[in-house]
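With chain A's structure known, arrange chain B on it following the hints.
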Amino acid sequence: MRKLTEKELDQVNKRLKIIPFLYGEICDEIKDHYLSELEKKPSDEFQDALLQLNKAFNRSVVERMEENLKRSTERAITQMQWDKLKFWKLPNYNILYLFLLLITLGVVYLYLDVEGMTLMVGIFSLVCIPIIWFSIWKDISFSLMQFRVNSAKAFSYQIMTRSGIYFYSLYFFCVTYTNWNDSNPGVFGTVVIWLIDIPLLLYMLTLVQVALDWKQKQLHILTR
Amino acid sequence: MTNNNLIKGSLQTIILKLLEENEKMYGYEITQRVKELTAGEIKLTEGALYPALHKMEADGLLSTEIQQVDNRVRKYYRLTQDGQKEVIAKMSELQGFVENLQRILTPSLKPGFNI
Chain A
47 MRKLTEKELD QVNKRLKIIP FLYGEICDEI KDHYLSELEK KPSDEFQDAL
97 LQLNKAFNRS VVERMEENLK RSTERAITQM QWDKLKFWKL PNYNILYLFL
147 LLITLGVVYL YLDVEGMTLM VGIFSLVCIP IIWFSIWKDI SFSLMQFRVN
197 SAKAFSYQIM TRSGIYFYSL YFFCVTYTNW NDSNPGVFGT VVIWLIDIPL
247 LLYMLTLVQV ALDWKQKQLH ILTR
Chain B
117 MTNNNLIKGS LQTIILKLLE ENEKMYGYEI TQRVKELTAG EIKLTEGALY
167 PALHKMEADG LLSTEIQQVD NRVRKYYRLT QDGQKEVIAK MSELQGFVEN
217 LQRILTPSLK PGFNI
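Quick mapping for you: the protein sequence lines, in order, are chains A and B. Note that our numbering has the first sequence beginning at 47, numbered continuously upward. Note that our numbering has the second sequence beginning at 117, numbered continuously upward.
Bear in mind the hints are in silico, worked out from the structure with no lab data behind them. Quick reminder that beta carbons are idealized off the backbone N, C-alpha and C, glycines included. Wrong hints could be hidden among the right ones.
As the list claims (entries may be wrong) - Rough simulated footprint, nothing fancy, chain A against chain B, three-plus residues with beta-carbon under 8 Å:
(1) 138-144
(2) 157-165
(3) 188-201
Claimed, not checked - Lysine-lysine pairs mimicking DSBU-like chemistry, simulated, CA-CA at most 30 Å apart:
(4) LYS116/A <-> LYS159/B
(5) LYS201/B <-> LYS263/A
(6) LYS101/A <-> LYS191/B
(7) LYS87/A <-> LYS191/B
(8) LYS201/B <-> LYS86/A
(9) LYS151/B <-> LYS49/A
(10) LYS63/A <-> LYS159/B
(11) LYS130/A <-> LYS191/B
(12) LYS201/B <-> LYS124/B
(13) LYS49/A <-> LYS201/B
(14) LYS132/A <-> LYS116/A
(15) LYS60/A <-> LYS171/B
(16) LYS201/B <-> LYS101/A
(17) LYS124/B <-> LYS49/A
(18) LYS171/B <-> LYS132/A
(19) LYS159/B <-> LYS101/A
(20) LYS116/A <-> LYS191/B
(21) LYS171/B <-> LYS199/A
Bound conformation, chain A alone:
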């Protein structure tokens, strides 16, 4: 095994820059594979080996890798959100979240008119969405001019997507009930609002927790 020269490393980096990776983890994994293989080759076989690797990691392979990584991350986040809901299995301090939830639901119950609900859910979002974005911001690189994500850690990207889903659900929800017979939704409307509202709040609360756990984990890795 040999150490690659600066020029060789530059060639590898240039090749990897051509591939439009969405997830940083895929880029890291492919780079490790490239370097592990190339370090085993003598310098006169470097170009051939690099060509072989370029062929092996073509666009369709990278796309399949990204799709599967996306699936595994979605699965992991959903599992974590479900685990957070099982508050009785969590350490004692997490019981605070249960109280927070009960208080929130109490407020929802007491102010179940259009204005009260809008205000409560709005305040809740104003608090939660910045917390989530604060937790993942550094993991995502944006191209603001082109309005797209350049590359991101899969976990953060999925959390961002989920907070977006929440935001649009909330918007839809607000539009629906502000158009619902002014401030008196009636018994049926009340039940429907509750049925939509409770999962929405639980979804957001668990997402905040998952995002904060992720941030803590990242900090732990950095300080290790």
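Same frame as chain A, now just chain B:
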């Protein structure tokens, strides 16, 4: 060189078995281990290996761990509890298949033949 379709069909079993024997492995290490064990007869292509690893991770059979090695990030795979159960199931499934294949290819073998 072994037929690619045969390898494709057994790829998951190969990965699971290797990870059962080695606590954790990274992608390149898996390709090299297979090459070494089969004296170069079976070469896992990167295009098949990594999507398979990520699929198994998505299915909850593998968990991953990131480590910093020589100024680069390395992703290690290890079996989850579901993965360990899957190894047993896959191995018994494969063994049954090979036995049946042997019976078909060598009809003179007795029905009670076991590998």
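Do the alpha carbons of LYS201/B and LYS101/A lie within 30 Å of each other, as the hint requires? violated (35 Å)
Starting from LYS159/B, check that the Cα of LYS101/A is at most 30 Å away, please. holds (15 Å)
Is LYS132/A within 30 Å of LYS116/A, Cα to Cα? Answer holds: LYS132/A to LYS116/A is near 25 Å, not above 30 Å.
Quick one, are LYS201/B and LYS263/A close enough, alpha carbons at most 30 Å? holds (29 Å)
Pair hint outcome, LYS201/B versus LYS86/A [Cα-Cα no greater than 30 Å]: violated (35 Å)
Is LYS60/A close enough to LYS171/B, meaning Cα to Cα at most 30 Å? holds (28 Å)
Checking one constraint from the list: CA of LYS171/B to CA of LYS132/A, max 30 Å. Satisfied? Holds, at roughly 27 Å.
Are LYS130/A and LYS191/B close enough, with their CA atoms no more than 30 Å apart? holds (27 Å)
Is it true that the CA of LYS116/A sits at most 30 Å from the CA of LYS191/B? holds (16 Å)
Holds or violated: LYS201/B with LYS124/B, Cα cutoff 30 Å? Roughly 21 Å between the alpha carbons, so the hint for LYS201/B and LYS124/B holds.
Taking a Cβ-Cβ distance under 8 Å as contact, does the stretch 188-201 of chain B have three or more residues in contact with chain A? Answer holds; 4 residues pass the 8 Å Cβ test.
Has the given pair, LYS87/A with LYS191/B, been kept, meaning a C-alpha gap of at most 30 Å? holds (22 Å)
The structure fails hints 8, 13, 16 and 17 (numbered hints given earlier, in ascending order).
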